[in-house]
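Protein sequences, first through last, are from chains X and W. Number 308 in full-length UniProt numbering belongs to position 308 of the first sequence; there are no gaps in the numbering. Number 29 in full-length UniProt numbering belongs to position 29 of the second sequence; there are no gaps in the numbering.
Hints in this document: simulated from the structure, not taken from any laboratory.
Under 10 angstroms between C-beta atoms, here's a sample of chain W residues computed to sit facing chain X:
#1 A244
#2 V249
#3 A370
#4 K398
#5 R402
If you want the ones that stay clear, here's a sample from chain X, every Cβ over 12 angstroms from chain W, calculated:
#6 A10
#7 V42
#8 R77
#9 S156
#10 G207
#11 S257
#12 E269
#13 E274
#14 E298
#15 T308
Backbone N, C-alpha and C define an ideal beta-carbon position, used for all residues, glycine too.
There are 2 protein chains.
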Amino acid sequence: MSDIEREVRAVAERARDAAAELAPLGRAVKDAALAALADALVKRSDEITAANAEDVERAREAGTGPAMIDRLTLTPRRIEDIADAVRAVAELPDPVGEAVRGYVLPNGLDVRQIRVPLGVIGIVYEGRPNVTADAAALCLKSGNAALLRGSSSAYSSNTALIGVLRDALEGTGVPVDAIQMVPGRTRESSKALMRAHGLVDVLIPRGGRSLIQAVVRDSTVPVIETGEGLCHVYVDADADLGKAVDIAVNAKAQRCSVCNSAETLLVHEAAAEEFLARLLPALAEAGVTVHGDERVLEIAAARDTGATVVPATEEDWATEYLAMDLSVRVVPHIDEAIAHIRRYSTRHTEAIVTDSLKASRYFVSRVDSAAVMVNASTRFTDGGEFGFGAEIGISTQKLHARGPMGLTEMTSTKYVVTGDGHVR
Amino acid sequence: MSDIEREVRAVAERARDAAAELAPLGRAVKDAALAALADALVKRSDEITAANAEDVERAREAGTGPAMIDRLTLTPRRIEDIADAVRAVAELPDPVGEAVRGYVLPNGLDVRQIRVPLGVIGIVYEGRPNVTADAAALCLKSGNAALLRGSSSAYSSNTALIGVLRDALEGTGVPVDAIQMVPGRTRESSKALMRAHGLVDVLIPRGGRSLIQAVVRDSTVPVIETGEGLCHVYVDADADLGKAVDIAVNAKAQRCSVCNSAETLLVHEAAAEEFLARLLPALAEAGVTVHGDERVLEIAAARDTGATVVPATEEDWATEYLAMDLSVRVVPHIDEAIAHIRRYSTRHTEAIVTDSLKASRYFVSRVDSAAVMVNASTRFTDGGEFGFGAEIGISTQKLHARGPMGLTEMTSTKYVVTGDGHVR
Numbered sequence: 001m002s003d004i005e006r007e008v009r010a011v012a013e014r015a016r017d018a019a020a021e022l023a024p025l026g027r028a029v030k031d032a033a034l035a036a037l038a039d040a041l042v043k044r045s046d047e048i049t050a051a052n053a054e055d056v057e058r059a060r061e062a063g064t065g066p067a068m069i070d071r072l073t074l075t076p077r078r079i080e081d082i083a084d085a086v087r088a089v090a091e092l093p094d095p096v097g098e099a100v101r102g103y104v105l106p107n108g109l110d111v112r113q114i115r116v117p118l119g120v121i122g123i124v125y126e127g128r129p130n131v132t133a134d135a136a137a138l139c140l141k142s143g144n145a146a147l148l149r150g151s152s153s154a155y156s157s158n159t160a161l162i163g164v165l166r167d168a169l170e171g172t173g174v175p176v177d178a179i180q181m182v183p184g185r186t187r188e189s190s191k192a193l194m195r196a197h198g199l200v201d202v203l204i205p206r207g208g209r210s211l212i213q214a215v216v217r218d219s220t221v222p223v224i225e226t227g228e229g230l231c232h233v234y235v236d237a238d239a240d241l242g243k244a245v246d247i248a249v250n251a252k253a254q255r256c257s258v259c260n261s262a263e264t265l266l267v268h269e270a271a272a273e274e275f276l277a278r279l280l281p282a283l284a285e286a287g288v289t290v291h292g293d294e295r296v297l298e299i300a301a302a303r304d305t306g307a308t309v310v311p312a313t314e315e316d317w318a319t320e321y322l323a324m325d326l327s328v329r330v331v332p333h334i335d336e337a338i339a340h341i342r343r344y345s346t347r348h349t350e351a352i353v354t355d356s357l358k359a360s361r362y363f364v365s366r367v368d369s370a371a372v373m374v375n376a377s378t379r380f381t382d383g384g385e386f387g388f389g390a391e392i393g394i395s396t397q398k399l400h401a402r403g404p405m406g407l408t409e410m411t412s413t414k415y416v417v418t419g420d421g422h423v424r
Numbered sequence: 001m002s003d004i005e006r007e008v009r010a011v012a013e014r015a016r017d018a019a020a021e022l023a024p025l026g027r028a029v030k031d032a033a034l035a036a037l038a039d040a041l042v043k044r045s046d047e048i049t050a051a052n053a054e055d056v057e058r059a060r061e062a063g064t065g066p067a068m069i070d071r072l073t074l075t076p077r078r079i080e081d082i083a084d085a086v087r088a089v090a091e092l093p094d095p096v097g098e099a100v101r102g103y104v105l106p107n108g109l110d111v112r113q114i115r116v117p118l119g120v121i122g123i124v125y126e127g128r129p130n131v132t133a134d135a136a137a138l139c140l141k142s143g144n145a146a147l148l149r150g151s152s153s154a155y156s157s158n159t160a161l162i163g164v165l166r167d168a169l170e171g172t173g174v175p176v177d178a179i180q181m182v183p184g185r186t187r188e189s190s191k192a193l194m195r196a197h198g199l200v201d202v203l204i205p206r207g208g209r210s211l212i213q214a215v216v217r218d219s220t221v222p223v224i225e226t227g228e229g230l231c232h233v234y235v236d237a238d239a240d241l242g243k244a245v246d247i248a249v250n251a252k253a254q255r256c257s258v259c260n261s262a263e264t265l266l267v268h269e270a271a272a273e274e275f276l277a278r279l280l281p282a283l284a285e286a287g288v289t290v291h292g293d294e295r296v297l298e299i300a301a302a303r304d305t306g307a308t309v310v311p312a313t314e315e316d317w318a319t320e321y322l323a324m325d326l327s328v329r330v331v332p333h334i335d336e337a338i339a340h341i342r343r344y345s346t347r348h349t350e351a352i353v354t355d356s357l358k359a360s361r362y363f364v365s366r367v368d369s370a371a372v373m374v375n376a377s378t379r380f381t382d383g384g385e386f387g388f389g390a391e392i393g394i395s396t397q398k399l400h401a402r403g404p405m406g407l408t409e410m411t412s413t414k415y416v417v418t419g420d421g422h423v424r
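Given the sequences, and given the hints that come with them, work out the whole structure.
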C-alpha cells in the first residue's frame, strides 16, 4: 500500500467513525450545524476568496479560457449565494427516520423499514468550488459523512472552503470529520478513494463523461452515475405544433450547456413539413445550428427559414453537444422514434409532444429513461423543478436512484423488527 | 475482444432487446408464462434429471462430499417443488407500474414516479440448480430479462433447465431471450458478464464470500452484494432470560448453515452469570460448541453445564462459522456490544434481547445493519418470513436494496411528467 493510499484510507476510516456518530443525531442538531457552516462561509469570505485567487491565477497561467475561469471564480457575492444554499438545505425536511413500510406479521412480529443515512459518501467532482459546500451540506443534512475530492484546478479554494466548514462544526455536536477533503491531488489519491470498498458506501462522480467512466471502471465502491444527458424530443403526428415549437426551442436553447437540454429532435413524417416550417425560423432566432437528415435538408431548402442547416452525420446522433446545436431527424412512425432513442439515448430524459393519449401511453411505457416528459420540456428534469429543494446530481443508472437525487435518495433503509421472544 | 467475450456480449444484447419487449407486458401475460414454465418443468422432468445425473456423476468422481452431492441432486419430487415455487411467484403482486410518488407542481406539471423493471439482471450463483428456475421466475415476474451463470458443477443441469424454460416461453408473448444462460463455463465467461457495463443493469452474486468479493472486484456492472452474515445476538442487562435463551439457541441452531444464523453472542456482565448458567446446558443439548472469552470460560468452569466450551481467539470474532459453533463474549456495557458489532459484523442482522425501551432505542439507532431485531431471533431476516413471498437474496449493502430483496427490490423507477406545453 502506498503512502497516499494509506492516508486516504485513514481519512475514510475517520469518516466512517464520524458517520456512526452522525447517524443517530436529530434534525435540530444538524440544522444548527448547517447554520453554523453558512455563517462561517460568509464571515471568512476573505480567506476563501484569497485562496480562490491562487487557483484563478494558476488557471490563467495555464491558458484556461474565460468561461472556465468564470466558473472557477469565487466572489464575496457568490460566497453569500453558497451560504444561502446551505441555509436552504437546513430548511428541507430530514429524510432520516421516515418509515418507508411498516406492518405486523401474522406471528405478531412488528416490521418497520426506516430510512437511515447511507454512511460515507464520496463525491468526485470537477470545476466549480460551489459544489464543495453544496455537497457537504446535503451529506450532513441526510446524516452522511462527506469525503470530497474536487479537481486539482480548485485545490486551494477547496482546501480553504473545507477548512472553514470543518472549523465551523466544532462544538455543534456534529463530528468535525463528517466533512473531509480527500488528501492528495493526483490520480493515485482518487483511485485510493475508489478502492476503499467497505469504508466508503457510495461514490458519486459529478462531471464529464470521461470522469464518470473512469470512476465506473476503477471503483470497487458502488457508484451512482450521474449527469450524462443525450436527451430527445419526439414530435408526434398528433402534436399541437405551436406547443411543439415552444418545447423544442426551450429544450434546446433555454440553457444548452446542461445535461437536461435536448440534443436530438425526432419528427413524425406526417407533421414534418408544417412543423419544421415553423420551427426552423424559431431555432434560427435562438441561434441554434440544425444538423438535419436528408428530409430535413429537403424541407429547409424548399423555403427561406433563415436557419443554418447542415447535414447530420452518424456521429451527430450520438453526440451530446452541450451547445447551440440540434440534430433533427424525420421518422416514419413512433416505433422508429423509440428505436432511435433506444439506440442513442443516455436514458436521462426524453419528451413526446402529442395530443394522442394512445401515442403518449405507448411512448411512456416503451421509453426507458429516468424521466419521460409528455408535452413538457426536457429541462424540467431537475431536483429544484421537481420540488426536492436541492439535488446532489441526476442519476442515469437504474440502481438505487434514478433521475434527480434529493435528500431522500441519499439514504438507505434498515428493517427494525420487534417481537416478544419470537423464534422460528 | 476474445471469442467468449463476444459471445457473452451477444447474449447480453439479446437480453437487452428482450427486456425492452418485456417491460411493457401486463401481469396476465407474465403470469401465464410463469404457469407455462412450471408445467414444462414437471412435464420434462425426465430430461432434467438425466442431465442432472451427469453433474452428480462428475461430482462423485471428483470426490465431492455427500452434503454437496445432496444439494446438487434433482429428483422428480424436487422438480415438482421447483415448479410449485414458480407457480407461487405467479401469485405474487406485480410491482411494475406501481406509483411510488405522485404530485402536481405549482406550475401544473403532473409528476409521477413509477416502478419499472431494472432491465437485464445477471445472476452469478453457486451450487444448487433450483436457483436457476427461482431466479428466472422472479426476474420474469418483475419484468426483467435474466442472464444466468451457474456453477460449472451444475452445468448440465442448468443447461437442461434453461432449455426447458426457454422452450416453454415460445408463444407466451414473453420473448424467449428473456431467460438465457451465459455461455461458457470458464472464469473468462463470467468476467465478460461482469464487464458488460451498459448491457447488463445489475449483477447479483449468490454464493460464498470469495465469489461475492470476486464479483465486486472485477465488475463494472453495478453489483448487489448478498448473503454474508456474521450476525450477533446481544443479551442486555434487562433481558428476560428465558426469552434470551430461546432466541440465542434458535438464532444459532435452528439452521446453522444459513446467512441469518447467529455466530456471536454478546452478554451484558450484569446478566452473564445467571444467563450463561441457563444457556450453556441448552446449547449443549442443541450440539453447539461454545468459543468463549475468559469470563465465559470462568462461568462455565464453575458449574457442570455439559457444554463444550473452548477459548475464543481473535479469529473467532471474525468468523462466519455456518456451523454448530458460537462465539460468546461478556461485555461491560451496551456501548461495548455496539462497538464489537461495528468491528466484526457484516451488517446483515443483529438482535438485542431486552425489556428496557431505552436500551432497545439506543441499540436500534446505533447498530447499522440491514435488519435489527428486538426480542426476536436473527433467523427472521428472510423474504419469506417478511411476507415478500420470495426473495432473490439478502442484500448486505446500502445502495438500492438492503435486507431481503423481493420483487419490489428488483425494480427501478422512472419519472413520468405530464404537462400541456410546459417550458422553463
